[in-house]
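J.: If you count the sequence shown from 1, position 11 lands on 10 in numbering that gives the first Met the number 0, and the numbers rise without skipping.
Calculated directly from the structure, the hints in this document are not laboratory data.
Be careful, since some hints might not be right.
Quick list of the computed label-pair ranges, beta carbon to beta carbon [unchecked claim]:
id: 1; residue 1: L74; residue 2: P43; range: 26 to 36 Å
id: 2; residue 1: P43; residue 2: R78; range: 33 to 43 Å
id: 3; residue 1: R78; residue 2: G24; range: 28 to 38 Å
id: 4; residue 1: A75; residue 2: H20; range: 26 to 36 Å
id: 5; residue 1: D59; residue 2: G24; range: 30 to 40 Å
id: 6; residue 1: R78; residue 2: G12; range: 15 to 25 Å
id: 7; residue 1: G12; residue 2: G79; range: 16 to 26 Å
id: 8; residue 1: A11; residue 2: A48; range: 13 to 23 Å
id: 9; residue 1: D69; residue 2: V35; range: 30 to 40 Å
id: 10; residue 1: D40; residue 2: R78; range: 14 to 24 Å
id: 11; residue 1: P43; residue 2: T71; range: 17 to 27 Å
id: 12; residue 1: D40; residue 2: E18; range: 26 to 36 Å
id: 13; residue 1: G60; residue 2: G31; range: 30 to 40 Å
id: 14; residue 1: D2; residue 2: L74; range: 11 to 21 Å
Bear in mind the structure is a predicted one, so any value in this text is a computation, not a measurement.
Backbone N, C-alpha and C fix where the C-beta goes; we use that ideal spot for every residue, glycine too.
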Amino acid sequence: MSDVRIILLERAGCHLCAEAHEVLGQVAQASGERWVSVDVDASPQLQEAWGELVPVVLVDGAERGHWRLDATRVLAALRG
Numbered sequence: 000m001s002d003v004r005i006i007l008l009e010r011a012g013c014h015l016c017a018e019a020h021e022v023l024g025q026v027a028q029a030s031g032e033r034w035v036s037v038d039v040d041a042s043p044q045l046q047e048a049w050g051e052l053v054p055v056v057l058v059d060g061a062e063r064g065h066w067r068l069d070a071t072r073v074l075a076a077l078r079g
């Protein structure tokens, strides 16, 4: 996963997570970057750190948005 710059922290049954999938699909198409999703509830550490904020998008390990994601903001983070 080291070549993946975008990580979506999500959980089952999260309607905002479904919206985040659409946003990250747009980001992937515009940037050519892949993204992966991680179930925040699969790890007590992730759940404690991020559980109240899902969906959360991380770019290069840094939080770049939560709840309602914005494609423009994620693309700007990818450009550095």
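J.: Each hint should be assessed against the structure and marked as holding or not.
T.: Status of the hints after comparison with the structure:
1. L74 - P43: 26 to 36 Å: holds, 32 Å
2. P43 - R78: 33 to 43 Å: The hinted range 33 to 43 Å holds for P43 and R78, with Cβ atoms some 34 Å apart.
3. R78 - G24: 28 to 38 Å: violated, 18 Å
4. A75 - H20: 26 to 36 Å: Check failed, 20 Å falls outside 26 to 36 Å.
5. D59 - G24: 30 to 40 Å: violated, 19 Å
6. R78 - G12: 15 to 25 Å: violated, 33 Å
7. G12 - G79: 16 to 26 Å: Given range 16 to 26 Å: violated, Cβ gap about 34 Å.
8. A11 - A48: 13 to 23 Å: Holds: the Cβ-Cβ distance is about 18 Å, inside 13 to 23 Å.
9. D69 - V35: 30 to 40 Å: At roughly 19 Å between Cβ atoms, V35 and D69 fall outside 30 to 40 Å, so the hint is violated.
10. D40 - R78: 14 to 24 Å: violated, 32 Å
11. P43 - T71: 17 to 27 Å: Cβ of P43 to Cβ of T71: about 33 Å, so the range 17 to 27 Å is violated.
12. D40 - E18: 26 to 36 Å: Taking Cβ atoms as reference, D40 and E18 lie about 19 Å apart, which means the hint is violated.
13. G60 - G31: 30 to 40 Å: violated, 20 Å
14. D2 - L74: 11 to 21 Å: holds, 18 Å
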